[in-house]
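Listed here are the chains, written in short residue letters.
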Amino acid sequence: MNRIPEPDPEITDPALRALGERLDALGDAERAGPNGLEDRVLSAVAGTVAPGPIAMPTGPRWKPVAIRAAAGFAMLGVVSIAVYSVQRGVSVSPDRAPAVMALEERIDGLFAIGELDEGVSFEDSIASIELWADALDAEVAGDWPTNGYADDWFGEGAL
Amino acid sequence: MGAPQSDADAADLADLVARASRGNERAWEDLVHRYARRVYAMAHAKLRRPDLAEEITQSVFVTLATKLKSDGYTELGRFEPWLFRVTMNRVRDEVRRTKRHAIPHDPSAFGGVAAGPAPGDPDRWRDAEQLRRAVEGLSDADRQVIDLRHMGQLGFKEIAALLNEPLGTVLARHHRALKKLKAALTPERGAGMNEGTTP
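Chains as they are written, first to last, in this note's numbering: chain A, 2 to 160; chain B, 15 to 213.
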C-alpha cells in the first residue's frame, strides 16, 4: 500500500517542489518492484508467524551437555569401582569385626569413666584408644591387595 | 500531497501490530502489503540489485515476525521508525559486505530494468537515471533523508524519530538535499539533452 506523506512545509521554491515530486515518482517506480513480492515475503515469515511454540535455542547449549557428561563420568566411576572391587575380591577380614567391637567398647568405657570420674587420666584413655586404632588400621591395611590396585586407579589412564 | 498520518491511522497501525503479534494471519497480510514495497524500495534505491533488495525485504519481515512473536518489540507507537531502522541497518550491512567482497556491478545494468520508467519512454527513463545518479552523489546524511522520505514514504516526524534528530533538523536537511540535487541536475540535464541530440 502506498501512502503519500505530508509535504515539507519548508519548501516554497516551485523548482524544489517539482524536484520533490520527481523523487516521489522515482519512489513509485522503485516500489513497483517485482511481481509477487508480498507473497514471497509472507511465505518467508510463515514459519515464524505460525501459532505454537517456536523451536528456537534460548541460550548456550554447552552447559547441559557438560553437566550430563560430568554426571555420566561420575556414575561410570562408581560402577567401575564397584565392579572392580567385586572382581578383585576385596573384603573386610572376618577378624576385623571383633576388633571394631572391642574399640567401641573401649570408647564406651572411656565415656563411662569420664562420667564416674574414677581418677583415670584422660590422656591415658586417649593413648589407649589410639593404640587400638593403630592395631585396627594395621588389620584393615592387611586386607588391601598388594599388586598396586590403588595405583591403577589414581595413576595415568585412570580416567 | 496528502494529509499527515492521523491519530486514527496511528491507532489502526497499533491495532494491526498487536494483532500481528498474536499471530493473526490477516494482520500479517495487511502489514506486508502496507510495508513490503516501501522496504524494498529503500533497499533497491541504495543497492541497485533486485535480488538483494528482495532478500533484505524478506529478512526484515522475518526479523519483525521474530520480534513480535517473542515480545522483543517494545516500541509500540514507533513502529515505522523501528521497521525502517532495521531496514537501513540491513542495507548498510549489505553495502559493507558487498564492498568487502568486491562484487563488481554496473549500476546502469539494473537501473531502469526493475524500477523506473520503461525504456520505451527514453526521455523519462533518462530523467530517472539522471535523478538516481544525482541522489547517489549526495552525502550519506542527505541521502538518508531523501531515501526515507521518497522511497520509504515516511513522514518527517517518523524520520526524525528514526534518526533521533529534531524535526527542524530533518526538515532543514531535506531542504538542503533538494537544493544540492537541483544544483547537480541543472548542468547534467543540459549535458543529457546535448547527449541525446548528438549522434
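Just so you know, the hints here were simulated from the structure itself, not pulled from any lab data. Be a bit skeptical, because a hint or two may be false.
Said to hold, decoys possible - Only part of the chain A face toward chain B is listed, based on derived beta-carbon distances under 7 Å:
#1 V42
#2 L43
#3 A45
#4 V46
#5 T49
#6 R69
For each residue, glycine too, the CB sits at the ideal point set by N, CA and C.
Holds or violated: the hint that T49(A) contacts chain B, with Cβ atoms closer than 7 Å. At about 4 Å, which falls below the 7 Å cut-off, the nearest Cβ of chain B leaves the hint on T49(A) intact, so it holds.
- May I ask you to test the interface hint for R69(A) with respect to chain B, counting a Cβ-Cβ separation under 7 Å as satisfied? 27 Å, violated
> Should the interface hint for L43(A) be scored as holding, given a Cβ-Cβ cut-off of 7 Å against chain B?
Replying inline: 5 Å, holds
Q: Go through the hint on V46(A) and say holds or violated, using the shortest Cβ distance to chain B against 7 Å.
A: 4 Å, holds
Let's test the interface hint: is any C-beta of chain B closer than 7 Å to that of V42(A)?
5 Å, holds
*Going by Cβ atoms only, is A45(A) closer than 7 Å to chain B?*
4 Å, holds
The structure fails hint 6 only (numbered hints given earlier).
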